[in-house]
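Trainee: Chain by chain, the residues:
2 protein chains.
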Amino acid sequence: MPESSTFSTKQRILEAAEDLFAKHGFAGASLRQVTAAANVNLAAVNYHFGSKDRLIEEVFRRRLDELNARRLAALKRTLGKPGHSLEDVLAAFIKPALELSLDRSGGPAFVRVLARAYAEHNERLRKFLSDNYGHVLKEFAAAFAALLPKLEKEELYWRLDIVAGALTYAMADFGVIKRRSGQSERDFRDRAAQHLIRFAAAGLREPQGTRD
Amino acid sequence: MPESSTFSTKQRILEAAEDLFAKHGFAGASLRQVTAAANVNLAAVNYHFGSKDRLIEEVFRRRLDELNARRLAALKRTLGKPGHSLEDVLAAFIKPALELSLDRSGGPAFVRVLARAYAEHNERLRKFLSDNYGHVLKEFAAAFAALLPKLEKEELYWRLDIVAGALTYAMADFGVIKRRSGQSERDFRDRAAQHLIRFAAAGLREPQGTRD
DNA sequence: TTAGACTTCAAACGAGCGTTTTAAATGCGC
DNA sequence: GCGCATTTAAAACGCTCGTTTGAAGTCTAA
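Residue numbers (the numbering used here), protein chains in the order written: chain U, 5 to 216; chain A, 5 to 216.
In short, the hints are calculated from the structure, not lab data.
There may be inaccurate statements among the hints.
Which copy is meant is left open, so a pair is good if it fits within one copy or across any two.
Once the Cα atoms are required to be at most 20 angstroms apart in a straight line, the calculated SDA-like pairs of lysine to any residue come out as [said to hold, decoys possible]:
#1 K56 / H28
#2 K27 / A40
#3 K142 / A41
#4 K14 / S109
#5 K27 / D57
#6 K80 / L141
With the hints as constraints, model all of the structure from the sequences given.
Mentor: As structure tokens, this is what we get:
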């Protein structure tokens with residue numbers, strides 16, 4: 005199975021799929037649209053991926069494998085530092101995602117795909133993501149828990165859930181937000197990271213109230 | 005045009021549509037699924053609403069008219085109080101949405117529909133929502149701006165965007181979160197509102213940083 | 001009770017869907 | 001250059017989609 009020769013077709017399908025899934029959703033983007041945009045024969049999807057569902061999974065795997073590896077590496081580096089802060093852990097989670105949407109072509113599209121997956125409560129997709137990347141979230145949750153010992157577990161999970169949702173939505177909108185003229189992409193992303201980290205840290209650190 | 009006789013069919017279509025749009029998305033839920041769930045003839049959708057797109061809009065209008073009226077009323081009440089706080093304004097935004105998902109049947113489904121609309125960047129839908137309900141967001145933005153005079157406009161909009169995303173996402177998941185046994189629905193919602201308000205207030209109030 | 005507006009219904013429309021099939025083209029070690 | 005596995009190609013499969021049609025049914029007011 006000579007990978008080099010299949011590479012181009014598979015790659016083009018994945019890129020077109022990512023873009024169209026971001027624009028029209030998983031159900032809304034058809035394989036005919038995808039293959040037309042990729043300049044590839046319609047049957048190529050089922051030849052290379054087996055089905056539309058598996059193509060969707062591959063769209064996620066391609067980006068998430070690297071994204072989560074970077075997140076874990078950054079987390080490990082952070083946990084190694086003796087006096088690491090909440091902001092450091094948040095940065096380990098957020099910055100790789102921001103870099104993804106900056107570095108690679110198609111990154112901005114992918115974070116929108118990710119937001120869609122968040123909004124969908126599709127059973128198959130949730131299981132796939134949980135099976136493949138659930139351990140990453142668990143490691144981050146443990147790191148947060150260690151830094152916020154006074155928060156009850158239930159309260160912490162509440163807040164992490166809100167933070168994850170907020171970050172996902174915010175990053176999905178980055179491709180749309182128009183930045184100040186003259187501001188470089190890098191500057192913009194750095195400011196964005198600062199905003200997100202500060203915002204999330206404030207929400208997590210706020211002392212737990214007992215009752216009103 | 006005798007409204008009373010059409011009422012039942014239209015109502016049943018709207019309720020089935022809301023539920024199925026929440027579950028499978030706008031493209032993913034077909035009119036055949038909707039009409040079957042509503043126990044109504046397939047052609048009834050096009051007879052009563054004209055098209056699938058207009059049905060989608062009507063699903064939004066039915067809930068948002070009341071939701072936004074309540075939000076504006078709560079905001080007006082809050083702004084009338086002399087010493088009102090950031091938390092009060094946030095409560096005016098959040099509590100009506102939480103009550104919607106508590107009071108009415110189908111409410112939890114609708115907030116998930118709302119989250120989907122957020123994730124979609126559908127031009128037609130965005131225009132419809134902005135045309136019909138954009139003024140509500142503007143009034144809230146003004147109220148926030150008055151309470152956070154030290155924040156630059158750009159910074160404020162950043163944060164409001166994140167808050168709106170976080171809230172939308174969090175409320176969409178309320179139907180899924182399992183609450184402690186013995187905890188009443190009302191208690192759960194009140195606690196949820198406290199969490200969201202405290203979280204959002206902390207993120208908004210955090211002093212603006214100049215640069216790292 | 002009959003006229004007429006409104007609503008429901010079964011059936012069909014053309015179009016597009018994901019997938020499969022079968023054959024032609026391509027790349028590559030021998 | 002031949003033989004073979006891999007990839008591309010065109011066409012068709014059965015199915016579901018949103019929408020339209022025209023007739024049947026239902027209700028109300030005169």
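Trainee: Quick one: K80 to L141, C-alpha cut-off 20 angstroms, is that within a copy, between copies, both, or neither?
Mentor: Only inside one copy: K80 and L141 sit 13 angstroms apart there, 41 angstroms across copies, limit 20 angstroms.
Trainee: Checking K142 and A41: alpha-carbon separation at most 20 angstroms within a copy, between copies, both or neither?
Mentor: neither (38 angstroms within a copy, 39 angstroms between copies)
Trainee: Please work out whether the CA atoms of K27 and D57 approach to 20 angstroms or closer within one copy, between two copies, in both situations, or in neither?
Mentor: both (17 angstroms within a copy, 17 angstroms between copies)
Trainee: First find the shortest C-alpha distance between K14 and S109 inside one copy, then the shortest across copies, and answer within, between, both or neither for a cut-off of 20 angstroms.
Mentor: within (16 angstroms within a copy, 46 angstroms between copies)
Trainee: As a check of your reading, is K27 near A40 (CA-CA no more than 20 angstroms) within one copy, between copies, both or neither?
Mentor: within (15 angstroms within a copy, 29 angstroms between copies)
Trainee: At most 20 angstroms between alpha carbons: which applies to K56 and H28, within, between, both or neither?
Mentor: both (15 angstroms within a copy, 16 angstroms between copies)
The structure is inconsistent with hint 3 alone, although it conforms to all the rest.
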